[in-house]
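**Student:** The residues making up each chain are set out below.
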Amino acid sequence: MNNLQETWVYLSSSPLLHLTLTLLAFVGANTIFRKLKFNPLANPVLISVVLLVGLLVITDTSYQTYFEGAQFVHFLLGPATVALAIPLYRQFERVKKSAIAIVVSVLFGSCAAILSAVAIAWVMGAQTISVISLAPKSITAPVAMGVSEKLGGLPSLTAVFVILTGICGAMLGPVVLNVLKITDWSARGLAMGVASHGIGTARALQVNETAGAFAGLAMGLNALATAVLLPLVWRLFFS
Amino acid sequence: MIEYLTLILCCQLLGELAVSALNAPLPGPVAGMVLLLVYLLVKGGVPEPLAQVSDSLLNNLSLLFVPAGVGVMLHFDLLGNELIPLSIALVLSTLVTIAVTALLMVWFNRGQSESGQSGSDSPQ
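Protein chains in written order, with our numbering: chain A, 273 to 511; chain B, 339 to 462.
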């Protein structure tokens, strides 16, 4: 018994436990996802996060302790983003052919993301600081947090919005695209990448390589567009 | 294979350096993606081991967002009593963004209709 206790104390302070739990949760979530025939509503990121947050709350574990294990997975996000160059390279002829369409669609998509979020939150009576923090929600977390901070928002609140937007886009995006009868994989991918950054890209990549390549490209372009446009829009309307 | 993993990390590192030197509003890894793309364009093809490394990273891209996702638990109370307006804004805005971007892209590309690219969103 004493031995078991010691083992637990050892394990709960070693990165192995939470790294393994992260993978187990994801494997479980992926099994559910597959059982439901890859229905976008059964998003594996959402299921894993719910499972893990539940577990951490029940076992009274802090996020810091959890992250000591999970950081090894988190670290791979950087190299994986770089690796998006490979699907992009394979689609490069198509990208070149519709370069203007891509740039214009991303720019308008970027404006739509900013303006609709700000307008709706404003109309519904959210505080200014929350509205600022929400505005860059569609772009990848490090840039979104930087933009939010520059405009006087709360970077950590922005990080929450970014993740939730990613999950929301990955879940509902395919539904919207089906309702609109968009069958072109490049348009589907581009839309997912603009609206919901890496999590949308992950979903797009799972379904089709063309969609994945365009999503990765859109994610990068929108990070750039929002970082430049949002401060301009903000100055124009709110100061 | 290890050479290409190293290549990917070098691109990321150079990307981070470039971004901070130029003070550019881009994440380092995205700049790294551009560098790797330039490398591939110059080389004119994807070496097989690099394809293997990238496949193993990208096949489970969703997994890599889980640790950051769990971080939501830290800040959930920041949403406070604005949970409803902010969630509605977030969801509607995401749907609008997807619709606007996809419709524009289709509209712009309508001239050069391509066959064999249609399908519904489910893996084959």
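There may be inaccurate statements among the hints.
Claimed, not checked - Taking beta-carbon pairs under 8 Å as the criterion, some of the chain A residues facing chain B (in silico):
{"#": "1", "residue": "T331"}
{"#": "2", "residue": "Y335"}
{"#": "3", "residue": "Q343"}
{"#": "4", "residue": "K368"}
{"#": "5", "residue": "A371"}
{"#": "6", "residue": "F380"}
{"#": "7", "residue": "G397"}
{"#": "8", "residue": "G424"}
Said to hold, decoys possible - Covered stretches of chain A (chain B as the covering partner; in silico rule of three or more C-beta atoms under 8 Å from a C-beta of chain B):
{"#": "9", "region": "274-285"}
{"#": "10", "region": "398-404"}
Said to hold, decoys possible - Using 25 Å as the maximum straight-line C-alpha spacing, the simulated SDA-like pairs for lysine to any residue come out as follows:
{"#": "11", "chain 1": "A", "residue 1": "K453", "chain 2": "B", "residue 2": "V380"}
{"#": "12", "chain 1": "A", "residue 1": "K422", "chain 2": "B", "residue 2": "L378"}
{"#": "13", "chain 1": "A", "residue 1": "K422", "chain 2": "B", "residue 2": "A362"}
{"#": "14", "chain 1": "A", "residue 1": "K368", "chain 2": "B", "residue 2": "V429"}
{"#": "15", "chain 1": "A", "residue 1": "K368", "chain 2": "B", "residue 2": "P385"}
{"#": "16", "chain 1": "A", "residue 1": "K369", "chain 2": "B", "residue 2": "V380"}
{"#": "17", "chain 1": "A", "residue 1": "K422", "chain 2": "B", "residue 2": "P363"}
{"#": "18", "chain 1": "A", "residue 1": "K368", "chain 2": "B", "residue 2": "A362"}
{"#": "19", "chain 1": "A", "residue 1": "K368", "chain 2": "B", "residue 2": "A437"}
{"#": "20", "chain 1": "A", "residue 1": "K453", "chain 2": "B", "residue 2": "A362"}
{"#": "21", "chain 1": "A", "residue 1": "K422", "chain 2": "B", "residue 2": "E354"}
{"#": "22", "chain 1": "A", "residue 1": "K369", "chain 2": "B", "residue 2": "E354"}
{"#": "23", "chain 1": "A", "residue 1": "K307", "chain 2": "B", "residue 2": "A362"}
{"#": "24", "chain 1": "A", "residue 1": "K422", "chain 2": "B", "residue 2": "A437"}
{"#": "25", "chain 1": "A", "residue 1": "K309", "chain 2": "B", "residue 2": "L373"}
No wet-lab data here; the hints were simulated from the structure.
Note that the Cβ used here is the ideal one computed from N, Cα and C, for glycine as well.
**Student:** Quick one, are K422(A) and A362(B) close enough, alpha carbons at most 25 Å?
**Tutor:** Distance of about 14 Å is within 25 Å: holds.
**Student:** Need the status of pair K368(A), V429(B): alpha-carbon distance at most 25 Å?
**Tutor:** Violated, at about 32 Å.
**Student:** Does K307(A) pair with A362(B) here, judged by a C-alpha cut-off of 25 Å?
**Tutor:** violated (43 Å)
**Student:** Can G424(A) be said to touch chain B, with a Cβ gap under 8 Å?
**Tutor:** This interface hint is violated because 15 Å lies over the 8 Å limit.
**Student:** Tell me if the straight-line CA distance from K368(A) to A437(B) falls inside 25 Å.
**Tutor:** Holds, at about 23 Å.
**Student:** Any CB of chain B closer than 8 Å to the CB of F380(A)?
**Tutor:** holds (6 Å)
**Student:** Verify the proposed pairing of K368(A) with P385(B), using a straight-line Cα cut of 25 Å.
**Tutor:** holds (22 Å)
**Student:** Given the hint that K422(A) pairs with P363(B), does the C-alpha gap stay at or below 25 Å?
**Tutor:** Roughly 12 Å separates the two Cα atoms, so the pair holds.
**Student:** Is it true that the CA of K309(A) sits at most 25 Å from the CA of L373(B)?
**Tutor:** Given that 25 Å is the threshold and the Cα spacing comes to 36 Å, the pair is violated.
**Student:** Within a Cα-Cα threshold of 25 Å, do K422(A) and E354(B) meet the stated pairing?
**Tutor:** Given pair K422(A), E354(B) holds - Cα atoms ~20 Å apart, limit 25 Å.
**Student:** For the pair supplied as a hint, K422(A) and A437(B), is the alpha-carbon distance within the 25 Å limit?
**Tutor:** Given that 25 Å is the threshold and the Cα spacing comes to 29 Å, the pair is violated.
**Student:** Quick check on Q343(A) please, does its C-beta sit within 8 Å of some C-beta on chain B?
**Tutor:** Because about 7 Å separates Q343(A) from the closest Cβ in chain B, which is inside the 8 Å limit, the hint holds.
Hints 1, 4, 5, 8, 9, 11, 12, 14, 20, 22, 23, 24 and 25 from the list above are not met by this structure, while the remaining hints are.
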